[in-house]
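Participant: The listed protein sequences derive, respectively, from chains G and R.
FYI, the numbering for the first sequence is 1 to 241, going by full-length UniProt numbering.
FYI, the numbering for the second sequence is 1 to 339, going by full-length UniProt numbering.
I should point out that these hints are in silico values taken from the structure, not numbers from a laboratory.
Where hints are given, some of them may not hold.
Said to hold, decoys possible - Just the calculated beta-carbon pair ranges, DEER-fashion:
hint : chain 1 : residue 1 : chain 2 : residue 2 : range
1    : G       : Asn36     : R       : Ser192    : 50 to 60 Å
2    : G       : Ala81     : R       : Asn29     : 38 to 48 Å
3    : G       : Lys118    : R       : Met300    : 35 to 45 Å
4    : R       : Val240    : G       : Arg69     : 55 to 65 Å
5    : G       : Arg69     : R       : Asp324    : 21 to 31 Å
6    : G       : Lys158    : R       : Met300    : 29 to 39 Å
7    : G       : Lys113    : R       : Ala303    : 42 to 52 Å
Stated by the list, open to error - Calculated cross-link-like contacts (lysine-lysine; reagent style PhoX-like; alpha-carbon spacing at most 20 Å):
hint : chain 1 : residue 1 : chain 2 : residue 2
8    : G       : Lys113    : G       : Lys158
9    : G       : Lys118    : G       : Lys158
10   : R       : Lys86     : G       : Lys158
11   : G       : Lys73     : R       : Lys213
12   : G       : Lys113    : R       : Lys315
Using N, Cα and C, we set each Cβ at its ideal position, and we do this for glycine too.
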Amino acid sequence: MLRLEDVHVRRGGTHALRGVSLEIEEGEIVALIGANGAGKTTTLATISGLLRPQSGRILFAPGRGEPERDLTKMRAEDIVAAGISHCPEGRQVFANLSVTENLRIGAYLRNDKAAIEKDVADIQAQFPILRSRAQLPGDRLSGGEQMMLVIGRALMSKPRLLLLDEPSLGLAPQLVEQIFDILAEIRRQGVTVLLVEQNASMALELGDRAYVLEAGSLVLHGSGRELAGNPDIQRAYLGGA
Amino acid sequence: MSAPRNTFLPRFAIAALVGAALVALADANLNPYLLSIIQFIGLNIILAVSLNVTNGFIGLFSLGHPAFMTVGGYVAAILVIPPERKAALLPDLPAFLAAQEWSFLPALIAGGSVAALVALIVGFPVLRLRGHYLAVATLGLIFIVQSFAVNLRGVTRGALGLSGLPELTNLWWVYLFCLVTIYVCWQLKHSSLGRTMLAIRENELAASCLGVKVARMRILSFVLGAFLAGIAGGLWVHLVTLISPSSFSFILAFEIVVMVVLGGTGSITGAVLVAVVLSVLTQLLRPVEEAANLFGASQMIVAFVVLVVLITRPKGLFGTAEPDLVGWLLRPFRKSKAA
């Protein structure tokens with residue numbers, strides 16, 4: 001579904017991605033883990049068109065048998081329209097807009113008014129808190145509620161692939177578990193997920209496969225269970241001895 | 001948060017009719033000096049509400065309004081001046097312009113359109129800038145436009161300006177464009193387009209992640225603000241019957257920005273209210289300044305008020321909200337009815 005081929009990105013003076021190649025199959029949850037500054041956020045921003053790579057290709061086919069398109073030549077809004085939704089780091093809600101308005105903006109590129117209203121209702125059924133708080137401005141929600149709003153909003157564009165940057169950031173463990181349950185449910189609904197996480201133990205548990213990013217390069221790759229059992233990973237990311 | 005949309009139209013219609021009655025009353029009874037002051041208040045409303053689209057809705061800190069007023073003012077004036085007078089005033093005017101004699105409304109709209117066109121051309125490079133950089137660039141635009149007006153002598157008569165313009169602007173014209181401006185901006189704010197603009201202001205990163213065409217929306221709001229400013233410029237010059245390169249200076253830009261900031265960036269109600277209060281206050285303070293021989297005191301007072309408001313209410317009086325002023329004014333009547 002998504003294939004990165006030798007992607008290089010420079011940000012300011014730093015060589016943030018040094019030849020990243022990875023692959024995601026339809027229906028998977030793939031985790032991308034690594035330390036601060038390893039290039040996880042840069043990877044997502046490059047896929048969604050917010051950053052331009054210096055070289056390399058990013059090929060995306062929304063479904064099996066559909067033609068691949070090179071995202072590196074597309075604008076951010078066209079990439080959303082092609083079926084990729086990006087939830088940036090730090091729960092970026094529109095603070096002064098109501099919960100429902102936040103959701104509607106998620107459907108910015110769609111024109112089918114009736115279907116949009118139905119999807120708003122569906123999302124609010126899936127996340128009941130977004131219905132009971134429908135008229136509150138975004139910044140009045142708690143951290144966990146904002147995370148649900150951001151995920152719900154990202155789903156409003158009807159993505160085939162969801163890019164999630166640090167959904168667990170700053171949330172209580174109980175809420176993190178709830179968010180990860182939601183991700184599993186989203187996958188069941190047929191959306192592929194690329195998940196960037198600092199919380200490596202949760203990410204490896206949920207992810208079918210995972211890549212480990214270190215200083216702009218992928219150093220390890222395997223199934224979630226394999227990596228969770230790897231002593232190097234345990235030492236570096238899972239707090240093991 | 002804001003008054004529901006379906007109650008807006010009837011209220012707007014009623015307010016427009018009441019306003020029209022007041023305009024008719026004022027037109028018949030007040031002396032020309034007072035009438036011109038009311039017209040300036042109206043122009044300030046148009047300017048503040050239209051700048052609010054750029055600075056308030058989408059959060060671009062533009063100071064460019066005087067530049068667009070200058071463009072709109074010159075275009076409207078040149079189109080309206082009769083050909084025989086143009087021959088005397090502007091002998092070097094290109095033939096296709098010299099022959100034009102437009103009536104007021106199309107000339108105003110042409111002025112607004114040319115201002116919008118300038119905004120479109122300037123917008124592509126300038127709107128890549130953010131915050132203070134954008135403010136400085138749009139400030140530069142004022143001086144660039146002024147310098148064009150000084151040096152394009154064949155079209156603008158240079159620093160002398162165009163004087164003796166027909167006195168076409170009256171209270172009705174100003175009132176009409178006030179209504180149009182408020183109506184258009186209100187509907188915009190409460191449409192999906194306006195919601196998207198607010199979203200860009202709130203969080204540009206999230207907006208672009210959702211596929212919002214940020215660059216296009218910025219240009220759109222800049223162009224709409226410029227169009228209305230151009231029309232206000234055309235109205236203004238046919239009120240004072242004069243336009244020169246220094247008619248609209250950056251001091252005016254400052255005054256309009258103050259109205260938007262005090263009213264609350266994004267609040268149309270706030271912009272209207274503060275435009276009225278500030279204009280009235282400036283007029284009332286003028287005789288005081290003269291009597292006390294303290295010229296410039298009103299500007300200092302305004303600057304002081306701005307500081308106090310920004311310290312106590314950093315988001316302006318109303319923030320982005322549209323308080324239900326009509327309902328608030330009618331409340332005492334409703335209470336007495338209930339009792």
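Participant: Does each hint hold? Answer for all of them.
Facilitator: Here's how the hints hold up against the structure:
| no. | hint | verdict |
| --- | --- | --- |
| 1 | G:Asn36 - R:Ser192: 50 to 60 Å | violated (38 Å) |
| 2 | G:Ala81 - R:Asn29: 38 to 48 Å | violated (59 Å) |
| 3 | G:Lys118 - R:Met300: 35 to 45 Å | violated (57 Å) |
| 4 | R:Val240 - G:Arg69: 55 to 65 Å | holds (58 Å) |
| 5 | G:Arg69 - R:Asp324: 21 to 31 Å | violated (49 Å) |
| 6 | G:Lys158 - R:Met300: 29 to 39 Å | violated (57 Å) |
| 7 | G:Lys113 - R:Ala303: 42 to 52 Å | holds (47 Å) |
| 8 | G:Lys113 - G:Lys158 | holds (14 Å) |
| 9 | G:Lys118 - G:Lys158 | holds (12 Å) |
| 10 | R:Lys86 - G:Lys158 | violated (61 Å) |
| 11 | G:Lys73 - R:Lys213 | holds (16 Å) |
| 12 | G:Lys113 - R:Lys315 | violated (33 Å) |
Hint violations for this structure: numbers 1, 2, 3, 5, 6, 10 and 12, all remaining hints satisfied.
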